[in-house]
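> Here is what each chain is made of, one letter per residue.
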Amino acid sequence: MRLRPTSGDGSRALGDLRRARRRRAYGEMDWSDALYKVYVTAILSALGVSLISGWLGGRAVTPGELATAVQRGPALVGLVVAVAIAAGLRSGGRGGPLALEAADVQLVLLAPVPRGAALRLPAARQLRFGAFVGAVSGMTAGNLAAQRLPGPYAAWVAWGGLAGLVTGLAWTGSALAASGFRLGRRWAGALAAVAVGWSMADLARSTATSPATLLGRLSMSAVDVVPRAPVGLVLLLLPVAGLVSVGGTSLEAARRQAGLVTELRFAVTMQDVRTVILLRRQLAAEGPRRRPWVRLPAGRRSWPVWRRDWQGILRWPAARILRVVLLGAGAGLAAAGAWRDTPALIVAAAAALLLAALDSVEGMAQDADHAIRRDTLPVGPGRLVSLHLAAPSVVMLGVAAVAIGGASALGGATTALSVGALVAVPAVLAAVCGAALSIETGPVDPYRVELFAGARLAIRSVGPLVLAVVGVLPLLDARAAANAGRAPAASAASGAFAVLLVVAAVGAWLRRER
Amino acid sequence: MLEATDLTAAYDDYTALQGVTCLVEAGRTVALVGPNGAGKSTFLRLCAGLLEPSDGGVSVGGHPAGSLEARALMSYLPDTPALYDDLSVNEHLEYVARLHGVDDWADRAAELLDRLGLTARGDDPPGGFSRGMRQKTSIALAFVRPFGVLLADEPFDGLDPPSRETLDALVAEAAANGAAVVLATHRVEVVEQADGCLAIDDGRLIYDGPADSAEVARLLS
Chain A
1 MRLRPTSGDG SRALGDLRRA RRRRAYGEMD WSDALYKVYV TAILSALGVS LISGWLGGRA
61 VTPGELATAV QRGPALVGLV VAVAIAAGLR SGGRGGPLAL EAADVQLVLL APVPRGAALR
121 LPAARQLRFG AFVGAVSGMT AGNLAAQRLP GPYAAWVAWG GLAGLVTGLA WTGSALAASG
181 FRLGRRWAGA LAAVAVGWSM ADLARSTATS PATLLGRLSM SAVDVVPRAP VGLVLLLLPV
241 AGLVSVGGTS LEAARRQAGL VTELRFAVTM QDVRTVILLR RQLAAEGPRR RPWVRLPAGR
301 RSWPVWRRDW QGILRWPAAR ILRVVLLGAG AGLAAAGAWR DTPALIVAAA AALLLAALDS
361 VEGMAQDADH AIRRDTLPVG PGRLVSLHLA APSVVMLGVA AVAIGGASAL GGATTALSVG
421 ALVAVPAVLA AVCGAALSIE TGPVDPYRVE LFAGARLAIR SVGPLVLAVV GVLPLLDARA
481 AANAGRAPAA SAASGAFAVL LVVAAVGAWL RRER
Chain B
1 MLEATDLTAA YDDYTALQGV TCLVEAGRTV ALVGPNGAGK STFLRLCAGL LEPSDGGVSV
61 GGHPAGSLEA RALMSYLPDT PALYDDLSVN EHLEYVARLH GVDDWADRAA ELLDRLGLTA
121 RGDDPPGGFS RGMRQKTSIA LAFVRPFGVL LADEPFDGLD PPSRETLDAL VAEAAANGAA
181 VVLATHRVEV VEQADGCLAI DDGRLIYDGP ADSAEVARLL S
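Chains A and B, in that order, are what the protein sequence lines are. Sequential numbering from 1 applies to the first sequence in the working numbering. Sequential numbering from 1 applies to the second sequence in the working numbering.
You may find that some hints are simply not true.
Unchecked claim - So the derived list for chain A, only partly shown, Cβ under 8 Å to chain B, looks like this: (1) Leu17; (2) Gly27; (3) Thr62; (4) Ala99; (5) Val105; (6) Leu107; (7) Gly116; (8) Ser250; (9) Leu251; (10) Ala329; (11) Gly330; (12) Leu333; (13) Asp369.
Claimed, not checked - What follows is a set of in silico ranges between Cβ atoms, one per label pair, in the way DEER data are often shown: (14) Tyr14/B <-> Met200/A: 55 to 65 Å; (15) Arg186/A <-> Thr21/B: 26 to 36 Å; (16) Ala504/A <-> Asp13/B: 37 to 47 Å; (17) Thr21/B <-> Met200/A: 46 to 56 Å.
Keep in mind the hints are simulated off the structure, nothing from the lab. Built from N, CA and C at the ideal position, the CB exists for glycine as well.
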C-alpha cells in the first residue's frame, strides 16, 4: 500500500452512506407494526389528555381569577421556558445532547471530514425531537387551559403549540450551543442562573422583560393579545446558534454520551429504574463527594447498616441535595394544588416524593447492585432490607418538611401545618417503601420462563408509584372532610393509620420475598 | 512525524498524564508500555484527537492533533472495536476508505480480508461477531486507508496466533512504507520487535529509548 496523506473531503461518502443506511432501515421496517404502534400511541395520548382534562375539571374561572391568570400566567409560563433553557444549558455544559454511535465517533469524526458537516444531521434530528416534544406538550397545555379559561379553543391549542415548539427548540438549541461553543459547566451554569433569575424577577414584579416571559405572553394570546409578545420568538436564535456551532462539540463528551445513552435506552426498555438512575447520574457526571459534608465520629459497633447509609448520604453532591429539596418543594406545591381545586395533582405530589425516595435509598440500592457481596453477609437479606429503610425515612422526613413549607407558601399555613404533619409520616414511609419495591423487585429476565412474570413486571412498573399515591391519599380524605364542614385533621389521622397498615404489609412482603 | 510536547491531561482533581514529551519519527515502530491505569490509552487518545490536552500539545506531521490534516494522516486502532451493527464488513471498509478520499478501495479491502481470514464473512454485519472477529474487522478498517501515523491500543488482544502474525506483518509493512507506529502493549514479544520503547507510569513518561535495553526488561518484568 502506498502511504500518503489524503486531503479529499469525505462529505460525499458520508451523505451516500447515510442515505444507504436510512434506506436499509426503512426497508427492514415492518410497516404494519409501526403503524399499529402509532395508532396505539395516538389513542393512548388522546385518552390521557381527555382524562387529565376531566380530572382538572371544567369549572370556568371567575373574573378575578382570570385577571390573575392574565397578569401572572405569562411569567409562570416564562419560568417554565427559562427552566427548560437552563436545563439545556446545563446539559450542554456537560458535553451536550448529542448521543452519537461509538462507530460514528471512531470512524467518521476521526476521518478528514469537516465536523460541522458530520454533526449537523444528528443535531437537526435532536432539534426535531425537541420541537415535537415541545409542540405536543404546548398543545396539551393549551387544551387544558381552554377547559377553564375563556377564548377560542383552537386559539389556545395553536398558541400553546407554538410556544411549546419554540420552548422545545430553545431547550435543545441551548444545549447544542453550550456544547458547541464549549461554555463549560461554570459559564453554562451562570447563564442558566441568569435565564431563571430574569424570569423569576418578571414573576415577582409582574413585568414582561425577558424573552421567556414574552413567549409566555404569546402563549396566552387567546385571551390577551400583546403587540410586544412576538419578541419572545427571539429564542429561535438558540437552535440556530446550536446548528452553527455544533462542529465544536467535544469528541470526548460525545463518546461518553454515546455509550451511556445506548445503555440508558436499553434500561428504559427493561423498565430498570435503578439502572436508569445510575446512568443518568453518569451522564450528569453526578458522582459522590470525595469528602463527606460531615465526617461521622468513629462509630459504635452496633447499627452498621444505619451508619453505612448515613456515610453514603453525607457524600451526596450538592446537585443531588438541591434536586431532593426541589422535589420536596414541588411535592408541597402539588399537594396544595390538590387541596385547592385540582385533586389530580396528588399524583404529581406522590411522583415527586417517590423520585426523592429513589435517591434516598442509595445504600439499599448499592447492596442490590452488589448482590454477591450482600449474599455473603451474616445478615438475612430480608432483615438487611428492613434495616436499610431507616436512614432514608429520616431523610424523607426532611423532604416532607420542605414540602409542608412549600404548601404553606401558597397560603393557609395553619391548615398546611396541621394536615401536613399528619399526612407526612405515612406519605414518606409509603414513598420509601415504593422506592425499595422498585429496587428490590429485580428486572424480569426476558429469556427465562418465570411463573407470575407478568405480575412481577406490573409490580415493578407501577407498584412503586401506586404505593406512593396511596401514601398521600389521606390528604384527599382531609380535603373531603373540610369541604363537608368536618375537622380535616381527624380524617387525615384515620387515613394515615390505614396507609401505615398498607405500608407495613408491603414491608413485610418485601422482607419475606428477600 | 508524531511529536508530543509537555502533554498533560488533567481532570478536576486527577491528572491522567503529566508533561509527556516525545517524538516518534517516520518509519519507526515504538512500543508503549506501562502498568494498567498508567496513562497509555489517554496518551493515544490525545494523539488521535479524541481527547483534548489541558496543557501542551501533539503534532501529527506538523499539524495539531484533531485537525482535518492530522485526521487524514492518522489511523487509530482503539482497544474496543467500534462498529456499526447495520453495515457489513465490506460496507464498513468502503465507508472508511471513501471518507478518507480513497476510491479504489476494493482490491485493498479484499487483500486485507484475505490476510485476516475474514473473506467469507465480508458480507456479514459484525453484530454477531466474536471479540476476535470484531478486532480483525477493526484492524482491516485501520489499514484500508492511507496513513502516516498508526496508533494502536492493545491491538493483539483477542487475536488468534495466525491473526497476530498477520497484524505483525501489516505493522512492519506500514513502518517500511514510512509510517510512524505506536503500539500500546503488555506483550514482551511485541516490545522486542519494536525500534523503540516509551514507558509511562502514573501519568509520567519514565523511559524513552531503545526497546532492547535492560531498563525495558526490568519494566516489563
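> Hint by hint, say whether it matches the structure.
Evaluation of the provided hints:
1. Because the smallest distance between the Cβ of Leu17/A and any Cβ of chain B comes to about 5 Å, under 8 Å, the interface hint for this residue holds.
2. With a cut of 8 Å, the hint placing Gly27/A at the interface with chain B is violated, because the nearest CB-to-CB distance is about 11 Å.
3. Violation of the interface hint for Thr62/A is found here, the shortest Cβ-Cβ separation to chain B being roughly 55 Å, above the 8 Å cut-off.
4. For Ala99/A, the interface hint is violated, the least distance from its beta-carbon to any beta-carbon of chain B being 14 Å, above 8 Å.
5. At a threshold of 8 Å, the smallest CB-CB gap from Val105/A to chain B is about 7 Å, leaving the interface hint in force.
6. Hint status for Leu107/A relative to chain B: holds, with the closest Cβ pair at about 6 Å, below 8 Å.
7. Taking 8 Å as the C-beta cut-off, the interface hint given for Gly116/A is violated, the closest approach to chain B being about 11 Å.
8. Satisfaction of the interface hint for Ser250/A is found here, the shortest Cβ-Cβ separation to chain B being roughly 7 Å, below the 8 Å cut-off.
9. At about 5 Å, the closest approach between the beta carbon of Leu251/A and any beta carbon in chain B falls short of 8 Å, and the interface hint on this residue holds.
10. Checking Ala329/A against chain B by beta carbon gives a least distance of about 29 Å; that is not within 8 Å, so the hint is violated.
11. At its closest, the beta carbon of Gly330/A sits 30 Å from a beta carbon of chain B; the interface hint therefore is violated under the 8 Å criterion.
12. Interface hint status for Leu333/A: violated, as the beta-carbon distance to the closest one in chain B is roughly 35 Å, over 8 Å.
13. Nearest Cβ of chain B to the Cβ of Asp369/A: about 23 Å, over the 8 Å cut. The hint is violated.
14. Range check, Tyr14/B to Met200/A: about 36 Å between beta-carbon atoms, so the 55 to 65 Å window is missed.
15. In this structure the supplied range 26 to 36 Å holds for Arg186/A paired with Thr21/B, their Cβ-Cβ distance being about 30 Å.
16. A beta carbon spacing of about 45 Å between Ala504/A and Asp13/B agrees with the range 37 to 47 Å that was offered as a hint.
17. At roughly 51 Å, the beta-carbon separation of Thr21/B and Met200/A lies within the given 46 to 56 Å, and the hint holds.
Hint compliance for this structure: hints 2, 3, 4, 7, 10, 11, 12, 13 and 14 are not met, and every other hint is.
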